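Protein chains in written order, with my numbering: chain A, 472 to 826; chain B, 83 to 402.
Warning: the hint list may mix true and false statements.
Dumping the calculated DSS-like pairs for lysine-lysine here, alpha-carbon to alpha-carbon at most 27 Å [what the hints assert, rightly or not]: (1) B/Lys117 <-> B/Lys139; (2) B/Lys153 <-> A/Lys702; (3) B/Lys292 <-> A/Lys736; (4) A/Lys826 <-> B/Lys293; (5) B/Lys341 <-> A/Lys824; (6) A/Lys809 <-> B/Lys153; (7) A/Lys825 <-> B/Lys117; (8) A/Lys702 <-> B/Lys394; (9) A/Lys826 <-> B/Lys341; (10) B/Lys117 <-> A/Lys824; (11) A/Lys826 <-> B/Lys132; (12) B/Lys153 <-> B/Lys293.
Please keep in mind that the hints were generated in silico from the structure rather than gathered at the bench.
These figures come from a predicted structure and were not determined experimentally.
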Amino acid sequence: MKKTISFPHLGDYYIPISEFLKRTTKANIIPSPLITKKTISIGSKFSPDSVCLPFKYNLGNFIESLNNGANILFTAGGGCRYRYYAEVTEAILRDLGYSFKFHSIMTNGKIDIKKVYQDFKNINSNLKLTTFIHSGIYTLLFIWNMDKIDKIIRKNIGFEIEKNSHIKLKNKMLKDFINTKSIFKLNLLYFKYKHLFKKISIDKPKNCLKVAIIGELYTAMEPFSSYFLEKELASMNIEIKRYTNLSYLLWQKRLLRRYLLRRTKKYCKYTLGADGLDNVYRTLDVIKKKYDGIIHTKPFGCTPEIGAIPIIQKICQEYEMPIIFFSYDVETSDEGIKTRLEAFYDLLNIRRKKK
Amino acid sequence: MIKGYLGIDIGSISTKGVIIDENNEIIASSYLWTKGNPISATKEVLKELKEQIKLKKIKIVSVGTTGSARKLIGTILNASIIKNEITAHAIGTLSLYPNIKTIIEIGGQDSKIILLKNGIVTDYAMNTLCSAGTGSFLSSQAKRLDVDVEDFGKLALTSNNPALIAARCTVFAESDLVHKMQVGYKKNDIIAGLCKSVALNYLNSVGKGKKIEKPIIFQGGVSKNVGVKKAFEDILNCKIITDENGHLMGALGVAILSKDQKEIDFSFDIVEQNFKATSLNCSSCPNNCEIICVQKDGKLLDSWGNRCDNGKKTVDKVYN
Chain A
472 MKKTISFPHL
482 GDYYIPISEF
492 LKRTTKANII
502 PSPLITKKTI
512 SIGSKFSPDS
522 VCLPFKYNLG
532 NFIESLNNGA
542 NILFTAGGGC
552 RYRYYAEVTE
562 AILRDLGYSF
572 KFHSIMTNGK
582 IDIKKVYQDF
592 KNINSNLKLT
602 TFIHSGIYTL
612 LFIWNMDKID
622 KIIRKNIGFE
632 IEKNSHIKLK
642 NKMLKDFINT
652 KSIFKLNLLY
662 FKYKHLFKKI
672 SIDKPKNCLK
682 VAIIGELYTA
692 MEPFSSYFLE
702 KELASMNIEI
712 KRYTNLSYLL
722 WQKRLLRRYL
732 LRRTKKYCKY
742 TLGADGLDNV
752 YRTLDVIKKK
762 YDGIIHTKPF
772 GCTPEIGAIP
782 IIQKICQEYE
792 MPIIFFSYDV
802 ETSDEGIKTR
812 LEAFYDLLNI
822 RRKKK
Chain B
83 MIKGYLGIDI
93 GSISTKGVII
103 DENNEIIASS
113 YLWTKGNPIS
123 ATKEVLKELK
133 EQIKLKKIKI
143 VSVGTTGSAR
153 KLIGTILNAS
163 IIKNEITAHA
173 IGTLSLYPNI
183 KTIIEIGGQD
193 SKIILLKNGI
203 VTDYAMNTLC
213 SAGTGSFLSS
223 QAKRLDVDVE
233 DFGKLALTSN
243 NPALIAARCT
253 VFAESDLVHK
263 MQVGYKKNDI
273 IAGLCKSVAL
283 NYLNSVGKGK
293 KIEKPIIFQG
303 GVSKNVGVKK
313 AFEDILNCKI
323 ITDENGHLMG
333 ALGVAILSKD
343 QKEIDFSFDI
353 VEQNFKATSL
363 NCSSCPNNCE
373 IICVQKDGKL
383 LDSWGNRCDN
393 GKKTVDKVYN
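Let's have the full structure, built from the sequences with the hints guiding it.
Right, here's the structure in full:
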């Protein structure tokens with residue numbers, strides 16, 4: 472049987488990840504079909520009701536992949552109870568009668584490189600350690616560069632003159648990234664595109680509204696799960712800052728922990744699990760940087776964020792920072808979110824004018 | 083000829099309309115049940131407003147819509163402004179009470195809290211996931227007790243010993259209520275308990291974590307219920323303002339907002355035209371976006387709801 476590998480979605484990250492899998496395993500790679508309402512309805516049908524939203528999306532992704540003929544599945548996850556989701560997902564899928572191989576690149580919430588290499592070796596016995604390391608560094612750099620470009624895009628996309636010019640250029644960049652074998656060239660491409668992105672004509676007033684998105688990582692990174700929040704904000708001509716991205720989770724988070732605890736000393740004595748502490752720090756950071764408002768997103772029932780919300784609320788009351796909380800669930804209505812977002816926009820605008 | 087500004091608030095349960103003059107004074111107003119059909123309810127409201135201004139010389143120069151059907155009605159009336167109900171309520175209330183600090187609003191299906199400071203909205207919240215403790219809950223309980231909703235408040239005030247009723251969930255409140263009935267509580271005690279549970283539920287869900295400061299105004303359909311108002315006063319330990327035009331604040335606010343827009347020609351002839359809203363499922367991808375299409379005399383006026391360009395093709399296929 473031909474080996475067919477699949478994995479769940481998280482924003483645009485499926486592009487570097489499928490490239491990595493292609494290079495190391497030489498197998499047939501099919502990322503899950505793009506998330507639609509069908510994905511979430513399948514996912515929530517077979518999930519425990521009280522489990523949080525990312526699990527439901529992931530399960531929906533897996534089932535759609537398996538129906539498309541995948542027989543090897545990859546997943547990752549750590550931090551909160553997400554750490555345990557790989558096991559639960561596998562059990563549910565086996566109960567549904569699918570046969571497949573299941574790999575989680577995380578063991579006990581940490582990436583065990585040795586084990587991951589062994590897993591890949593089992594899939595592709597011809598895999599050389601050098602290829603594995605080279606592709607690994609390539610992928611991490613790919614993600615790193617993509618995240619940095621995304622930051623520029625978020626700043627300017629709400630003000631572009633020609634519609635979709637940012638998205639078009641990004642797609643072109645991703646194509647070029649994929650076609651590059653060399654790590655050195657990848658970096659050159661990054662600088663080339665950074666320059667091109669800065670050259671896109673925009674009509675941006677100096678004192679435009681600036682909003683920061685904080686909160687749980689999945690709803691921040693997967694646009695479908697937040698009902699395309701960033702797109703909606705861009706259409707309101709708002710500059711967006713988002714803290715969470717994959718690079719942050721892979722590298723910076725671990726290095727920053729002590730620093731975060733020191734900065735949030737007034738409010739937190741210890742970490743809150745997952746991104747809880749990070750979000751308390753981000754709230755303070757946003758206030759310091761004089762943004763106009765904060766949007767906090769989380770899936771319904773996200774425990775670490777529920778712990779962080781009262782602290783964040785208190786800080787925002789102290790500094791009179793407008794903040795809005797969105798809690799997404801399977802049944803959350805599109806219209807309700809839009810109404811609240813519109814009201815938030817009005818709030819920021821009127822506040823600006825009165826100042 | 084005086085200039086008039088029309089504001090319409092189309093809620094889930096009721097539809098409200100006002101016409102104001104340049105000084106934000108209400109010249110005409112109307113308040114009717116939506117009865118599940120926002121288009122015909124709006125037509126009725128327009129008819130009533132037209133009757134009221136028949137003798138005065140008024141020309142409508144701008145139209146604003148708000149409420150849950152704001153987009154649909156806004157499209158039909160070719161509105162100058164379509165605003166969400168949170169902003170509309172805040173603006174409307176501020177025009178009458180510039181010093182207000184907290185707005186409590188409980189409507190048919192939703193409830194919200196708006197906090198203001200120096201005439202600016204600083205924070206707001208709306209109920210999510212659950213509509214326990216809103217107007218529809220009260221009216222269904224009234225039916226169970228065989229009491230008119232309109233008499234609910236007055237009956238509640240006659241009670242000296244309100245029954246304790248679980249406030250968290252509508253279903254549990256209902257089973258609690260049945261239990262209290264069987265134990266032999268008087269009707270007015272149960273009703274007073276229900277009113278209290280509505281207030282408690284509101285403060286524990288929508289008002290959670292919010293700093294509620296005086297002066298407070300209570301609006302929305304439920305504010306007509308003196309029992310709930312008294313319950314709020316008891317719990318918050320302060321006087322609460324209710325306005326006789328409290329239900330019109332959203333419409334008033336959006337009418338005020340529409341004043342800043344470009345003047346348009348509006349005619350009441352719209353009442354005679356035939357509008358139809360239909361929904362269409364785009365089948366281009368598994369997302370199956372629901373597209374709302376509005377027709378005027380059989381012709382497509384506007385459509386929305388699709389997430390990508392494929393939706394437009396689907397609409398074109400059906401209507402061309």
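Hint-by-hint comparison with the structure:
no., hint, in the structure
1, B/Lys117 <-> B/Lys139, "violated (32 Å)"
2, B/Lys153 <-> A/Lys702, "holds (20 Å)"
3, B/Lys292 <-> A/Lys736, "holds (24 Å)"
4, A/Lys826 <-> B/Lys293, "holds (22 Å)"
5, B/Lys341 <-> A/Lys824, "holds (18 Å)"
6, A/Lys809 <-> B/Lys153, "holds (12 Å)"
7, A/Lys825 <-> B/Lys117, "violated (40 Å)"
8, A/Lys702 <-> B/Lys394, "holds (19 Å)"
9, A/Lys826 <-> B/Lys341, "holds (22 Å)"
10, B/Lys117 <-> A/Lys824, "violated (39 Å)"
11, A/Lys826 <-> B/Lys132, "violated (41 Å)"
12, B/Lys153 <-> B/Lys293, "violated (32 Å)"
When held up to the earlier numbered hints, the structure conflicts with 1, 7, 10, 11, 12 and fits the remainder.
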